[in-house]
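S.K.: Here the sequence shown stands for residues 3 to 141, where the numbers follow this note's numbering.
These aren't lab readings, by the way, just hints derived from the structure by calculation.
Take these hints with a grain of salt, some might be off.
[Said to hold, decoys possible] Simulated pairs of lysine to any residue, SDA-like, Cα-Cα distance not exceeding 25 Å:
(1) K39 - L15
(2) K53 - Q72
(3) K104 - G62
(4) K104 - Y77
(5) K39 - Y22
(6) K104 - K53
(7) K104 - Y65
(8) K39 - P29
(9) K39 - E14
(10) K39 - I21
Just so you know, these numbers come straight off a predicted model, no measurement behind them.
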Amino acid sequence: FEDSTHVRVGDELVEADRIYVNTGASPHMPPIPGLDKVDTLNYHTLLDLTKLPEHLVIIGAGYIGCEYAQAFRRYGSNVTVLEVGQQILSREDEDIAGVVHKAFRTPTRSGNSTLDALGEDAAVLLGQPARIGVDDDVG
3 FEDSTHVRVG DELVEADRIY VNTGASPHMP PIPGLDKVDT LNYHTLLDLT KLPEHLVIIG
63 AGYIGCEYAQ AFRRYGSNVT VLEVGQQILS REDEDIAGVV HKAFRTPTRS GNSTLDALGE
123 DAAVLLGQPA RIGVDDDVG
């Protein structure tokens, strides 16, 4: 930083009223008993898939979880999103998260909403106790 409105990138001086430093995130595995005993994907390795999963369970309804849920459902996977909180995008104010949740229910050009598009057997489970079984025979 040169000052509060200037940052130097190599030889270039960039000016902006506000400068945000986004250092990115790193994947986090939640402390779920048995999760370390099965193959899992994170938001980096999910992009390495060469075959579309029939059903994808996403833990967390933050920005990344919601983005991947919507994308993979549009690709054709059934998707279930699990969130321990009472709303999607839990870091946002309730009214903002509500707007996004409502948008998920709004029909798209195809006539389906994102929530409809999550699949008939899929759901977004918010703040509900859930028991997840693991089938070791899945290949």
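S.K.: Each hint: holds or not?
M.R.: Status of each hint after checking the structure:
1. K39 - L15: violated, 49 Å
2. K53 - Q72: The hint holds at about 17 Å.
3. K104 - G62: With Cα atoms ~18 Å apart, K104 and G62 stay inside 25 Å; holds.
4. K104 - Y77: holds, 22 Å
5. K39 - Y22: violated, 39 Å
6. K104 - K53: Distance of about 31 Å is beyond 25 Å: violated.
7. K104 - Y65: Distance ~15 Å between K104 and Y65 Cα, so the pair holds.
8. K39 - P29: Holds: K39 and P29 sit about 17 Å apart, inside 25 Å.
9. K39 - E14: Given that 25 Å is the threshold and the Cα spacing comes to 48 Å, the pair is violated.
10. K39 - I21: Between K39 and I21 the Cα gap is close to 42 Å, so the pair fails against 25 Å, i.e. violated.
Of the numbered hints given earlier, the model fails hints 1, 5, 6, 9 and 10; all others are met.
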